[in-house]
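Novice: Sequence:
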Amino acid sequence: MVYTGSGRPREYCGPPDRVWDDGKTCKQKAQEERRAAHAAGVDGALDLFDAAAAPVLTATGTLSAGLDELQQALQAHAEALGAVREGALARVRAAETAAAAAHTTAAAAEAERDRAVRAAAAAEREREQAMEAKRVAERLVVLC
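By numbering that gives the first Met the number 0, the letter at position 50 of the sequence shown is numbered 49, and the numbering carries on one by one without gaps.
No lab work stands behind these hints, which were simulated from the structure alone.
Idealized CB from N, CA, C, for every residue including glycine.
Honestly, I wouldn't trust all of these hints.
Ranges of calculated distance between the beta carbons of each label pair, as one might list FRET restraints [what the hints assert, rightly or not]:
#1 L69 x A105: 47 to 55 Å
#2 D20 x T59: 44 to 52 Å
#3 L66 x T104: 54 to 62 Å
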């Protein structure tokens, strides 16, 4: 319930049913308080206090509503940031998976390259041996 500025705000009126342990309502207790103040001669001071308290109560009601709006806005921002964080984490996980796959592919390609280099070296040795065998055979043909 929003405080309208007349009467006591609900939060200052006791339990939820507005009846105190002695069976009196807030209104009855306020009447007793005013009668006692009048009898004691301090009702003028209480009137001044009430006059000074009214703007404060109004301001706190307004401030409370503003704080509620701020809290809701901050909650919305927190939820949005959570969604951004989750999205970023998902992208990081996907990038890490892609990097691991690329690393595996690169390692396989390097291994294949190393095999090809070894095969080329072996082929070069065989070519050299074949060339040497050819030269030896040509020398033997000339000698025979």
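Novice: If a hint holds in the structure, say so; if it doesn't, say that too.
Specialist: Against the structure, the hints come out as follows:
Distance hint for L69 and A105: a CB-CB separation of about 52 Å, consistent with the stated range 47 to 55 Å. Checking the proposed 44 to 52 Å range against D20 and T59 shows it is violated: the Cβ atoms sit about 27 Å from each other. Taking 54 to 62 Å as the suggested C-beta distance range, the pair L66 and T104 conforms, at roughly 56 Å.
The earlier numbered hint that this structure contradicts is number 2, and it is the only one.
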